[in-house]
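Here the protein sequences come in this chain order: A and B. Numbered by the working numbering, the letters in the first sequence go through residues 1 to 202 in order. Numbered by the working numbering, the letters in the second sequence go through residues 203 to 404 in order.
These are computed hints drawn from the structure, not numbers from a lab. As the structure is a prediction and not an experimental result, all values here were calculated from the model. No residue lacks a Cβ here, since even glycine has one placed at the ideal position from N, Cα and C. Among the hints, erroneous ones may be present.
To be verified - Now the in silico label distances, taken between C-beta atoms and shown as ranges:
no., chain 1, residue 1, chain 2, residue 2, range
1, A, T38, B, G224, 29 to 37 Å
2, B, I290, A, G14, 33 to 41 Å
3, A, E37, B, M339, 18 to 26 Å
4, A, M137, B, G347, 24 to 32 Å
5, B, D340, A, E37, 27 to 35 Å
6, B, I290, A, A149, 32 to 40 Å
7, B, R233, A, D15, 29 to 37 Å
8, B, V238, A, M137, 23 to 31 Å
As the list claims (entries may be wrong) - Just a sample of chain A residues kept apart from chain B, beta carbon distances all over 12 Å, derived:
no., residue
9, P54
10, L109
11, A113
12, V120
13, F153
What the hints assert, rightly or not - In silico lysine-lysine, DSBU-like type, Cα no more than 35 Å apart, as pairs:
no., chain 1, residue 1, chain 2, residue 2
14, B, K359, A, K157
15, B, K350, A, K157
16, B, K359, A, K148
Next come the chains, spelled out residue by residue.
Number of protein chains: 2
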Amino acid sequence: MFSGAQISLYPMTGDFVGVIVGALGALDPYRDRLRVETDDISTLLVGPPEVLFPAMRDLFAAASRTSVHCVLSAAISRGCPGEPDDAICNSTQFDGPIPPLTERHAAALAAVATAPELGVHAVAQLSLYVMGQGDHMDEIYGSIGFLKASGTFERSKHFATKLSGDAGALFSTLEQAFCRFGPPQGHVTIDLTVSANSPSLG
Amino acid sequence: MFSGAQISLYPMTGDFVGVIVGALGALDPYRDRLRVETDDISTLLVGPPEVLFPAMRDLFAAASRTSVHCVLSAAISRGCPGEPDDAICNSTQFDGPIPPLTERHAAALAAVATAPELGVHAVAQLSLYVMGQGDHMDEIYGSIGFLKASGTFERSKHFATKLSGDAGALFSTLEQAFCRFGPPQGHVTIDLTVSANSPSLG
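All chains, full assembly: derive it from the sequences and hints.
The structure is reproduced here in structure tokens:
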């Protein structure tokens, strides 16, 4: 199943190029398991979710440690029927039939409980979409139920759910929401915004 | 039908607050037809597409005229079954049965042809999602066919389509893709990034 993201990093400083270039080293441990292509609007990451989410997390955390107000924006996708398969995306976690929602909810919470602590506080906003089936809202409500119990839930908003917490717990929560809801081979996407060091934060 | 967006404006400068505050006046002509609520990660705009897209366009264009590298990111949605209806969203354009794809394609092109020219060059990247039906890819391919003929098409990318051109044509193209594809009362979303003044542009 093809999976990956178009991501962009926005450091709110005149030296945004310096902050981005300085943070790119955070991707090095993942480069052999990701396809990476950059143009003037975003960077494509192709790979399985268990590599993709930690890579986005470490890139965002590295940029945010400069104390500059930084935002990571991402269009994340798995199972799009229009995309060719790619061996780099192979992951066993989508094998087999889909367990009941309650089991997936518990497994997702257990995964978040073991997330590393990065020492970078951030807020995140996500919209999760499940395509190609009549009951897509059941899976969306299932993921929202998990998000509310995840320990990072801040509040529901129109079109989105807002989270806050350490970047480790945040990106683990996002990965679990992405992988555990919607059919294992289904088309699931997340429209994601993660922000650190905003002067608007109370 | 409830419609709107969570939007964020990212000026890549240390004076990002000044650029944002300076651009906010561009929303004034639309404020009586939009609900606007801001927090530390995004601004909610609730209103019909024919107000929403010009409002986003003028906000983005005002910020970009500073010559600072600016990005507008938006999660745009209509017809989400989980959202309450709101009178401010009333729009007659979704009344009646859905015309054939070829008719919608022609109507969308005619609308883009009359878009105003703003004198702000930008690139845009969008992922359009149609939820809750088995043939969602037909509507997505229909919208991609329109995008390719719109005059703003740059190229297809994984997970997204990239456009470039004057902000007037760009936002008109985005509005047409959002309104004319997917069922009139269906749940359709766009994950949008618009960028101007990037130093990476060749």
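Verification of the hints:
1. A/T38 with B/G224: 29 to 37 Å: Distance hint for A/T38, B/G224 holds at roughly 30 Å.
2. B/I290 with A/G14: 33 to 41 Å: 38 Å, holds
3. A/E37 with B/M339: 18 to 26 Å: 24 Å, holds
4. A/M137 with B/G347: 24 to 32 Å: Given range 24 to 32 Å: holds, Cβ gap about 28 Å.
5. B/D340 with A/E37: 27 to 35 Å: At 28 Å between Cβs, range holds.
6. B/I290 with A/A149: 32 to 40 Å: Given a distance of about 33 Å, which is inside 32 to 40 Å, the answer is holds.
7. B/R233 with A/D15: 29 to 37 Å: 35 Å, holds
8. B/V238 with A/M137: 23 to 31 Å: At roughly 27 Å between Cβ atoms, A/M137 and B/V238 fall inside 23 to 31 Å, so the hint holds.
9. P54: Given a closest Cβ separation of 19 Å, the condition holds.
10. L109: 22 Å, holds
11. A113: Since the minimum Cβ distance to chain B is about 25 Å, A/A113 lies beyond 12 Å and the statement holds.
12. V120: 16 Å, holds
13. F153: Correct as stated: the minimum Cβ-Cβ distance to chain B is 14 Å, above 12 Å.
14. B/K359 with A/K157: 30 Å, holds
15. B/K350 with A/K157: 33 Å, holds
16. B/K359 with A/K148: Roughly 33 Å between the alpha carbons, so the hint for B/K359 and A/K148 holds.
Of the numbered hints stated above, none is contradicted by the structure.
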